[in-house]
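> Residues per chain are reported as follows:
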Amino acid sequence: MTAGLVLIIGGLVFLSGSAVLAFCWAIRDGQFRNLSAAPLTIFDKDEPVGLPTDRFPSRK
Amino acid sequence: MKPQSLLSSINPANEPDALASYERAEIDASTRGPVLLFFGSAVFWLLVGSVLGLLAAWKMTHPGLLDSLGFLTFGRIRPAHLNAVIYGWASSAGIGTGLWLMARLCRVPLMHSKLLVSAAVFWNLGVLVGVLGILAGDSRSIEWLEFPGYATPILFVAYACIGIWAVIMFRYRKPGHVYVSQWYLLAAFLWFPWMYATANILLVWQPIQGSAQGAVNWWFAHNVLGLWFVPIGLASAYYMIPKVIGRPIHSYYLAILGFWSLAVFYSWNGMHHLIGGPIPAWMISASVVASVMMFIPVVTVAINHHMTMRGHFDALQWSPTLRFTVFGAMAYTIVSLQGISMAIPSLNTLTHFTDYTIGHAHFGLYGFFSMMMFGAMYYIVPRLVGWEWPSATMIRWHFWLVASGVLLMVGALTIGGILQGLAQYDPTVSFRSSLDYATPFRWLRGISGFLLLAGHLVFATLFVQMLLKVGRRKEGPALFAAPADHKPEAAV
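Protein sequence lines, in the order shown, are assigned to chains A and B.
Our numbering puts the first residue of the first sequence at -9, with every later residue one more than the last.
Our numbering puts the first residue of the second sequence at 891, with every later residue one more than the last.
Hints may be right or wrong, so weigh each one.
To be verified - Under the rule of at most 20 angstroms between Cα atoms (straight-line distance), these lysine to aspartate or glutamate pairs were calculated in the EDC-like manner: (1) B/Lys1064 <-> B/Asp907; (2) A/Lys35 <-> B/Glu916; (3) A/Lys35 <-> B/Asp1316; (4) B/Lys1359 <-> A/Glu37; (5) B/Lys1064 <-> A/Asp36; (6) A/Lys35 <-> B/Glu913; (7) B/Lys1064 <-> A/Asp34; (8) B/Lys1004 <-> B/Glu916; (9) B/Lys1359 <-> B/Asp918; (10) A/Lys35 <-> B/Asp907; (11) B/Lys1064 <-> B/Asp1204; (12) B/Lys1004 <-> B/Asp918; (13) B/Lys1064 <-> B/Asp957.
Claimed, not checked - On the chain A side, residues computed to face chain B include the following (Cβ under 7 angstroms): (14) Val3; (15) Ser6; (16) Cys14; (17) Trp15; (18) Pro29; (19) Ile32; (20) Asp36; (21) Val39; (22) Gly40; (23) Pro42; (24) Thr43.
These are computed hints drawn from the structure, not numbers from a lab.
Each residue gets a CB set at the ideal place from its N, CA and C atoms; glycine is no exception.
Work out the full structure, taking the sequences as your base and the hints as a guide.
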């Protein structure tokens, strides 16, 4: 029981802890510096904002 | 366009637009082998899982159905169904989507393709051995971990390969911003092998004793949802919704708040499955608190997706990807809020031992995750095989069959579960009689299974046609272009 509890609590701390460490890295790396430009990173010159990229196949 | 330089006037492919398009096509092409392998096996296991689930559902109303052979009894069919859909369908589809998204978002061609192909082979081998093992009677009887001990190491090898690959891809990504979907994927690919190994060591290889087994079991089973399926599903939604309608997500601030609050607190949720159980009360209390805190990531995602879609709901008419993805996103909000309410002990006593829980599980794994995966596959597969989906009618049939199927199933199980729970509260009703309240709704659930299976058959047909490139090749770039009546709008 005790060993199991230690492992489970350790597991919780590991999973949450790895997220906290990653969060600290993200801040240091400047990931949160420009939040208005960030959502634009998935668009390209040839697939710009305003261009839908999916549709049902045409009947022809 | 006016040529930018001598080079671009010699070769049009050097124009910036064409270059971006060429780069993206090259990255998509690099993912073809592994992604199609995972998608193909996902579709196969989806069909296997549906048949097993349908059989299990009808055994609830006809207990003797096909019971003459041992491997067709409920005790084997039911876990075989669960594991075939969790590990065979949902995980394979999720990995395929994750690989494709990871390559696109890191903006580098997929590396170490052989590693992933061998992971896919090991994966399918593991699921096959596991499902056959369960049918042969070797189930471990631990929910979500029924695969016998000889199947799990095979699966673990595959998981570990994918986790390592994700780290390598992230390490070699193009410099710049890490999009929120990448965070979700990295988290899922990193945590899952670790969770899976821990749970297997503690429950299968060197089982710990007593009620701690329950704690490990539900810590794992709930994290499979929250730290494996949820991140992959949301990664897909955060990419597909803005990309399909061509509008950046409403609030990036909410997106990162949602991710980090999920990442830090989700793993504490699992103990709410053991409310009233024989484990230390503080563990359950902490878990209930963490479950209620999930309100934050859920609501941030809901607001974000809704506000991104606002004014663009007509897009549901012309985009198959969006239709499935938005259904999944709406289901995510509802099922998560429902899950939070179920973690509150006073409500939990009503629903705990009833079909309500089964309805909730299916709403999450099907209404949310499977619909997300269908949506992602409708977007990804044409870009991998360079072929347009052969029939819009069949896509519509697929959508309406599975959407009505899952709503019927969840609705029936939810109402039946509440009636069953109220009957269990009543001291004048025996436990045996409380089951009778659920029976008519179990009939409806059995019928919904036919709708789902029919929808899956339609989808499998479409998928095979894509692989074989059935039909006439569509001319021009219609595949990826806007509908004729759609006017591109100014930046939103």
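> With reference to the structure, classify each hint as holding or not holding.
Hints versus structure:
1. B/Lys1064 <-> B/Asp907: Cα-Cα ~19 angstroms, so holds.
2. A/Lys35 <-> B/Glu916: Measuring from Cα to Cα gives roughly 16 angstroms; hence the hint holds.
3. A/Lys35 <-> B/Asp1316: violated, 65 angstroms
4. B/Lys1359 <-> A/Glu37: Given pair B/Lys1359, A/Glu37 is violated - Cα atoms ~26 angstroms apart, limit 20 angstroms.
5. B/Lys1064 <-> A/Asp36: The hint holds at about 19 angstroms.
6. A/Lys35 <-> B/Glu913: holds, 11 angstroms
7. B/Lys1064 <-> A/Asp34: holds, 14 angstroms
8. B/Lys1004 <-> B/Glu916: holds, 17 angstroms
9. B/Lys1359 <-> B/Asp918: Measuring from Cα to Cα gives roughly 18 angstroms; hence the hint holds.
10. A/Lys35 <-> B/Asp907: Holds. A/Lys35 to B/Asp907 sits at ~5 angstroms (cutoff 20 angstroms).
11. B/Lys1064 <-> B/Asp1204: With Cα atoms ~35 angstroms apart, B/Lys1064 and B/Asp1204 exceed 20 angstroms; violated.
12. B/Lys1004 <-> B/Asp918: Holds - the C-alpha atoms of B/Asp918 and B/Lys1004 are around 16 angstroms apart, at most 20 angstroms.
13. B/Lys1064 <-> B/Asp957: Violated: B/Lys1064 and B/Asp957 sit about 57 angstroms apart, past 20 angstroms.
14. Val3: violated, 9 angstroms
15. Ser6: holds, 5 angstroms
16. Cys14: violated, 11 angstroms
17. Trp15: violated, 10 angstroms
18. Pro29: holds, 4 angstroms
19. Ile32: Holds. Min distance 6 angstroms.
20. Asp36: Given a least distance of 4 angstroms, the restraint on A/Asp36 holds.
21. Val39: holds, 5 angstroms
22. Gly40: holds, 4 angstroms
23. Pro42: Hint on A/Pro42: holds, closest Cβ of chain B at ~5 angstroms, below 7 angstroms.
24. Thr43: Given a least distance of 6 angstroms, the restraint on A/Thr43 holds.
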